[in-house]
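Keeping their order, the protein sequence lines are chains A and B.
Be aware that the first sequence starts at 1, since it is given in our numbering, and climbs by one per residue.
Be aware that the second sequence starts at 382, since it is given in our numbering, and climbs by one per residue.
These are calculated hints, taken from the structure and not from any lab test.
C-beta atoms are modelled at their ideal positions from N, C-alpha and C, and glycine is treated no differently.
Keep in mind that the hints are not guaranteed to be accurate.
Unchecked claim - The following residues of chain A were derived to be distant from chain B, with all beta-carbon distances above 10 Å:
{"#": "1", "residue": "258"}
{"#": "2", "residue": "303"}
{"#": "3", "residue": "328"}
{"#": "4", "residue": "341"}
To be verified - Okay, the calculated beta carbon distance ranges per label pair:
{"#": "5", "chain 1": "B", "residue 1": "411", "chain 2": "A", "residue 2": "338", "range": "14 to 22 Å"}
{"#": "6", "chain 1": "B", "residue 1": "405", "chain 2": "A", "residue 2": "261", "range": "49 to 57 Å"}
{"#": "7", "chain 1": "B", "residue 1": "387", "chain 2": "A", "residue 2": "157", "range": "42 to 50 Å"}
{"#": "8", "chain 1": "B", "residue 1": "482", "chain 2": "A", "residue 2": "234", "range": "29 to 37 Å"}
{"#": "9", "chain 1": "A", "residue 1": "120", "chain 2": "B", "residue 2": "482", "range": "23 to 31 Å"}
{"#": "10", "chain 1": "A", "residue 1": "84", "chain 2": "B", "residue 2": "387", "range": "43 to 51 Å"}
{"#": "11", "chain 1": "B", "residue 1": "480", "chain 2": "A", "residue 2": "338", "range": "22 to 30 Å"}
{"#": "12", "chain 1": "A", "residue 1": "235", "chain 2": "B", "residue 2": "411", "range": "15 to 23 Å"}
{"#": "13", "chain 1": "A", "residue 1": "286", "chain 2": "B", "residue 2": "405", "range": "21 to 29 Å"}
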Amino acid sequence: MQVYLDNSATTKLDKRVLKKMYPYFSENYGNASSIHFMGEDANKALDEAKKEIGKILNCGQKNIIFTSGASEANNLIIKGIARANKEKRNTILVSEIEHSSVLAPVEQLGKEGFKIKYIPVDENGQIKMSEFEKMLDEKVLLVSVMTVNNEIGTIQDIKTISKLTHKKGALFHTDAVQAVPYLKLDINNSEIDFLSLSAHKFYGPKGVGLAYVNRKYKIFPIIDGGEQEYGIRSGTHNIPGIVGMAEALKLAYKEKTTHLKELRDYMWDRMKAEIPNINLNGDSRSRIPNNLNVRFESIEGEAIVIELSTKGICVGTGSACSSKKLRASHVLKAIGLKDEHLNSNVRFTLGKFNTKKEIDHTVDSLKKVVKRLRSFTSIKK
Amino acid sequence: MALKYTKKVMDNFLHPKNIGEIKNPDGYAEVGNPICGDMLTFTIKVKNKKITDIKYLSFGCASNIATASVMTEKVKGMTLEKAKKFKWETIINELGGLPKQKIHCSVLVIKGLQKAIEDYETKSGKKTPHRIKTHLSKKL
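Extracted from the complex, chain B is given alone in its bound form (with noise of 0.2 Å):
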């Protein structure tokens, strides 16, 4: 195989877990698109500040699938503070590493957890909207 995937990344890819979406979420979030080969869209529920639940669907590659998987399986159950803080790092960890030019993948999975717990604040009006702050900051 030209690229190298650990077993778990192969485990991961063959086996996601969390796969499909939340009904009603408190947070979504999309990242990535289909030009680049990566699109992911994850649903959160979040419960007395603790992501509750956690779904993702993907169009991407067999370390798109295996990061995501694996990033979900670690912050559910996780506080909102604690999975803000949540790193790459960790999941290149987990999966026992990733090839070089894959390693952009457990990023983007970062991206978009923080971007679904962050429409979820704005939702609930813990957050200012990020829209209207990039308007005001102009404005300043």
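The shape of chain A in the complex, shown without the other chains (with noise of 0.2 Å):
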């Protein structure tokens, strides 16, 4: 049996979604930019999944940027946002526990003069309101939190911190990337200035994204080229993807996500009562419906991994990105691990093609792994 339990990394793309996109790779394949009628084909499927996704998100339209993912998303706005207004005001605010492509453009920022500050949060993983507010002041550019973190799963009060940045004046950008399909997403309601989604994490294709930035300000390009998306974004439009995006977030909305909570707590509860000495890391009421982060004590969490993947179950250590570099996770550092716990994580992120006898399945084989892991363990009680 094979079981895929790592839907925060990526997610199978829905069958829906890719009968949509076909016709854009070979038949209605023009170019959004061509002025001939395939071109104007093109740029008619492009306008109307700008219509659709500004009507889920309840954004306007032209200020959603197409990219070819969250990580090009986070990247533009960072950098493009600083660097377009680095006269007017040059400290950037982030939480700790962002994903690393937002910490990396603020590290090059800050190599390029900007002062980077990190907002604290406390052990479950939510920005420590106090801080923050003391942190915020008349020189802050622009802030950024993610609406929900992606190892932990925790749920932050984005509307909250929207409305305490703008109370100084200062800009905000949320990473939303793994907050769909759980979270409904207002932008306007929520006051939120900039956005990143990309399609691949809501069962829709790889390399398609989204940056939702308000043009009222300044934003310098981070790719220059054809001029496309009002000379933000340069690069022919991914239409097959664009399409494929926009079908994926109206399915996402329109399906309820009800029994993966119930399958999630379900896995949960068999862990709990069947495997001894292991712990949930992070927030168990503010978080999304899909997510277990789970400490085994003294066994390393690549190891388990590994092990399961030979099962056939696929899971992940931290976040997936991090998994080859042996770096242990700056998240569950944040929020208070102690340095020997930091190694002895699983994440497990179920999605909506899991079922019960699946989770079973990788219950009963974590038992195995679990207790021959620890079988041979060096760390003495």
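Now that you have both chains on their own, put them together as the hints suggest.
Written as structure tokens, this is what we have:
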């Protein structure tokens, strides 16, 4: 049996999405910038996708900039806004549990002379609001806080954070990559200035995402060229991808995910009852319904992941991006895990295609794996 | 799989050899630590200047477990002199290669072997204890 429980890394493309994309590969393959009828057809698909997405996210469609994914969107927004407005203000605040595609750009901006400050989080991964308020002053240009954390699934109070940010005249960005399809995103109502999304996180295709950019503010592009997307993001439009993302987003909010929470809770209940000495990392309440991040005492996370993989089960250690780098998770560190506990964690992220049978198979296998690895651990109790 | 482990690594990870702890060992070593994500303990038995038995325990990743397994298999029955010169490269060759970021596992395993031999030699009076030695050299 093959079981995929790494849905925060990426998801399976929904067949209905694929069906929508098909004609744009080899039939309606025109370039949206061309002025002939095939170009116009492509441009029509582009416009419709923007309209659809604008409706779902409650935002002006002219503020939607298509990108290759959320890493690019995060880079574009953070570098683009900072560099275009550096004369005005020069401090950038980010939470200490952001994804590397936010942390690395701000690190780069730090080298370019910007002042970077990291907002601390509590043991549940929630922003410490009082600390945040103290850090906010009239020098802050941009605040970036993710809607949902990719490792522990913590949901932030984005609306409150954006309101506080605006009170001090700063701009607000949120990386909302892990929020769809679990949270309703309402850009206008939540006073969000900038937002990043990636289609492959919600059963859409890889290689396409978007940056919501309030074009009231000056932004510099990071890719120069053919002036697509109002000159903010040059490069031929990925029409099949864009059509796929719009369809995936539509489906995401059409279908309920309540069974996912039941399945996740069932999995955790079984694990808690049948595997000794395990702990749930992060917030048990303010958490997206598909995430379990678990610490297994006295054994190493990667060993668990690799052995489960030999049994056909795909799970993650921390975030997929860092799993090859051998670096302990900055997120688990930030929520206060002891140093000696940082290497014993596994992330299980469920998806809409998972079944109870798969969950049972996973827990059964996990029990054996944990027992075997613990049988020869060098950690003494 | 993001990490490309050879079949030999996987075999040694899933079916590790010489797992455990020797009671009343002649030499003992602990290397690495849980903060780094890999910690190993080794116990050895020595007779006639030869390693007659070696066992290990591991808190570590697949390659940590596999490298220790291969090393213990190779040095069992080896003279102390030869075992002291045992190289980490040999482990990597034996495993058919390791991902670049996992090379340090083989180095740690060798460190453990050398430390266990050193512990044996110290205990059996064949060598000045390491602590005293550094203390003396500081004085000098």
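Query raised in the report: Where does the structure disagree with the numbered hints, that is, which hint numbers, in rising order?
Result: 2, 3, 4, 12, 13
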